[in-house]
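Chemist: Each chain, letter by letter, is given below.
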Amino acid sequence: MNMAPKSSFVLSRRHLLGIEGLSRADISGLLDLAEEFVELNRQVEKKRASLRGRTQINLFFEVSTRTQASFELAGKRLGADVMNMSASSSSMRKGETLIDTAITLNAMHPDILVVRHHASGAVELLASKLDCSVINAGDGSHEHPTQALLDGLTIRRNKGGLDGLLVAICGDILHSRVARSNIMLLNTMGARVRVVAPSTLLPPGIERFGVEVARDMREGLAGADIVMMLRLQRERMNGSYVPSVSEYFHYWGLDEKKLAYAKPNALVMHPGPMNRGVEIDSIVADGAQSLIREQVEMGVAVRMAVLEALSRNLPNA
Amino acid sequence: MMMLSERRPILLANARIVDPSRDLDFPGDLLIADGAIREAKKGIGAAGVPEGTEVIDCRGKLVAPGLVDMRAFIGEPGAASRETFASASQAAAAGGVTTIICQPDTSPAIDDPATVDFVLRRARDTAIVHVHPMAALTKGLQGAEMTEIGLLKAAGAVAFTDGEKSVTNAQVMRRALTYAGDFDALIVHHTEDPDLIGDGVMNEGEFAARLGLLGIPKAAETVMLERDIRLVALSGGRYHAASVSCAESLEVLARAKQAGLKVTASASINHITLNENDIGPYRTFLKVAPPLRAEDDRQRLVEALAEGLLDVIMSDHNPQDVETKRLPFAEAAPGAIGLETMLTAGLRLVHSGELDLMKLLRAMSTRPAELLGLPGGSLRSGAAADLIVIDPDLPWVLDPAELKSKCKNTPFDEARMTGRVVRTIVAGRTVYELV
Chain A
6 MNMAPKSSFV LSRRHLLGIE GLSRADISGL LDLAEEFVEL NRQVEKKRAS
56 LRGRTQINLF FEVSTRTQAS FELAGKRLGA DVMNMSASSS SMRKGETLID
106 TAITLNAMHP DILVVRHHAS GAVELLASKL DCSVINAGDG SHEHPTQALL
156 DGLTIRRNKG GLDGLLVAIC GDILHSRVAR SNIMLLNTMG ARVRVVAPST
206 LLPPGIERFG VEVARDMREG LAGADIVMML RLQRERMNGS YVPSVSEYFH
256 YWGLDEKKLA YAKPNALVMH PGPMNRGVEI DSIVADGAQS LIREQVEMGV
306 AVRMAVLEAL SRNLPNA
Chain B
93 MMMLSERRPI LLANARIVDP SRDLDFPGDL LIADGAIREA KKGIGAAGVP
143 EGTEVIDCRG KLVAPGLVDM RAFIGEPGAA SRETFASASQ AAAAGGVTTI
193 ICQPDTSPAI DDPATVDFVL RRARDTAIVH VHPMAALTKG LQGAEMTEIG
243 LLKAAGAVAF TDGEKSVTNA QVMRRALTYA GDFDALIVHH TEDPDLIGDG
293 VMNEGEFAAR LGLLGIPKAA ETVMLERDIR LVALSGGRYH AASVSCAESL
343 EVLARAKQAG LKVTASASIN HITLNENDIG PYRTFLKVAP PLRAEDDRQR
393 LVEALAEGLL DVIMSDHNPQ DVETKRLPFA EAAPGAIGLE TMLTAGLRLV
443 HSGELDLMKL LRAMSTRPAE LLGLPGGSLR SGAAADLIVI DPDLPWVLDP
493 AELKSKCKNT PFDEARMTGR VVRTIVAGRT VYELV
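Protein chains in written order, with this note's numbering: chain A, 6 to 322; chain B, 93 to 527.
Because the hints were derived from the structure by calculation, they are not lab data.
Heads up, a few of these hints could be off.
Here are the computed distance ranges between Cβ atoms for each label pair [what the hints assert, rightly or not]:
| # | chain 1 | residue 1 | chain 2 | residue 2 | range |
| --- | --- | --- | --- | --- | --- |
| 1 | B | Ala351 | A | Arg223 | 25 to 35 Å |
| 2 | A | Arg213 | B | Asp276 | 40 to 50 Å |
| 3 | B | Gly290 | A | Ile108 | 20 to 30 Å |
| 4 | B | Asp276 | A | Arg298 | 48 to 58 Å |
| 5 | A | Gly228 | B | Asp276 | 23 to 33 Å |
| 6 | A | Arg223 | B | Arg472 | 28 to 38 Å |
Beta carbons are placed, not taken as given, at the ideal position from N, Cα and C, and that holds for glycine.
Go ahead and model the full structure; you've got the sequences and the hints to work with.
Modeler: See below:
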């Protein structure tokens with residue numbers, strides 16, 4: 006077993022439901038703690054005992070590969086007993102209501118519940134009915150706090166900090182929980198945020214989020230330190246929000262030509278899974294300016310940090 | 093473009109020059125060289141022109157910008173028996189139209205960049221006037237999914253419309269307006285609610301009742317227009333009502349303009365010169381969409397043109413074969429040809445004192461060119477030499493057999509006219525001359 010982390014940061018709340026409400030100190034504390042786990046994860050011996058005896062349930066109402074896997078790995082590395090439940094293999098499929106599911110789970114005395122749900126606000130609803138800690142692993146188009154934290158960590162490690170950076174978030178802002186969480190985190194940490202999308206993919210009122218708004222990539226990427234691309238769901242591609250894949254890629258897809266509008270040392274991010282040739286060109290996704298693989302690595306470390314920081318606040322910790 | 097005459101300099105001498113783009117109306121000469129207007133002023137004279145200039149005496153005649161017809165159906169691709177770019181452009185030249193805006197409700201519909209490209213090439217090779225297409229607003233004109241507005245505009249589409257079809261799904265319309273706004277693309281919409289049209293075939297009211305025909309209420313138009321205005325307010329796009337026909341629509345339009353929305357509108361030459369009574373004994377050539385309304389409505393449309401509330405007069409040129417027109421009124425296809433007659437019909441309003449010449453010409457040239465971002469509609473120095481010479485007082489009788497359009501479904505057949513285009517010049521070349 007490894008030594009306990011040097012950081013003694015405690016997230017003084019029971020749940021992590023979103024970035025909204027986190028202070029600059031909260032975010033810095035989580036990122037500092039995550040840095041330590043990045044190092045740990047690169048060792049042969051990756052185990053810690055801080056969550057020994059604890060039960061973590063990953064409850065995914067929406068399919069996910071990387072988020073679910075990284076939460077599972079994070080919990081196991083901290084010594085928790087981790088159980089995965091997904092919508093396809095459970096009674097949720099049989100018509101059980103969200104509240105009934107909560108009551109059932111509560112009876113099993115989990116310590117931490119990690120939840121992803123397709124409806125905005127569903128995680129908060131569950132949290133209000135449970136005795137354990139709840140971590141939002143993505144709710145509808147609302148928040149995905151651990152994604153924003155791992156993005157923040159990735160940027161901080163590559164740019165030395167977040168203060169004063171210009172981050173362009175591009176694509177389907179309207180439906181993106183990643184965009185909302187990132188806007189809040191980046192604003193809190195002193196970065197400038199610009200959203201870039203066709204007007205059909207921008208939520209009305211977005212300009213009141215403290216972001217700059219651009220409709221075209223040349224204007225939107227000008228001077229950007231970070232270019233963060235978002236996934237465009239297939240059902241939104243053909244005529245409903247944008248006319249076609251080819252038009253979307255032509256005007257808003259990130260290729261080398263458009264990336265050149267950003268700063269020469271700009272870095273490219275994508276929360277995954279990518280639609281190559283829709284929102285991002287393979288040459289850019291796999292290129293020297295891409296941080297996409299590093300984001301996945303940071304995902305495990307950040308989720309360990311969140312689990313650790315919340316667990317320090319659990320009863321009998 | 094076909095070479096009908098050498099492109100040597102032309103001096104239009106001793107004319108009355110009318111330029112609605114600058115509100116100028118003065119006696120003078122106009123010199124054309126290298127496809128552009130060199131200058132228009134008093135007393136250029138034969139001495140002040142380059143060697144080899146063709147001098148045309150225009151005493152007693154008007155020189156005005158060529159007309160830009162914002163709505164004409166041409167049968168290519170898919171209905172070449174009704175009209176081709178070649179035949180339409182001959183008709184246009186004879187009517188003083190130097191730019192035709194063709195509609196996308198063809199077969200296949202003009203809804204992808206390759207078809208826009210086809211239209212532009214085909215027109216370039218066969219037409220004697222300029223042709224620019226509007227592209228479909230929704231794929232296959234189905235009203236469900238928006239087209240590639242950005243790529244279509246880049247390919248040369250000047251605006252987006254579903255032609256004679258209305259987009260009934262408000263969500264589709266909202267998103268299209270929102271998306272088009274990013275490209276500063278103009279959406280042109282036929283505002284007739286198909287459910288309210290139902291089986292109606294002419295204006296609803298006493299006259300329809302007497303003829304035993306089902307009526308189309310004015311509300312079919314105003315309901316759709318009103319909806320669209322709300323959506324424009326929501327989305328901020330550029331919107332043009334394709335064909336308004338009644339006084340109530342003008343009220344809606346006035347409110348939208350007062351609110352500062354980017355809203356404009358056209359009326360067809362038919363609606364400003366004819367009314368439902370002209371249908372008489374079931375004349376199917378006067379069956380159009382939207383239907384001809386009452387005389388009060390026609391008068392309000394003309395007043396709105398004079399006030400500048402109504403922006404554009406278009407031909408709504410829609411060639412129909414005898415097989416689609418020689419039928420009982422209710423079964424006949426709607427549509428009338430108009431490229432060749434829109435100016436001469438419009439001059440009726442000038443001669444009757446209802447509308448002044450400047451305003452008529454502005455609505456047929458300067459305004460549509462501005463809305464579509466096209467050259468033309470002006471006699472400024474340096475402007476494209478697309479212009480017409482009009483004999484404003486020439487009396488003549490319209491003989492359908494002489495019309496250049498492939499179809500002869502004109503509401504003005506055998507009508508007495510006063511005033512006619514005697515010469516049409518496109519890009520500095522004479523493409524039509526009345527002999």
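Chemist: Could you tell me which of the numbered hints above are not met by this structure, giving the numbers in increasing order?
Modeler: 2, 3 and 4
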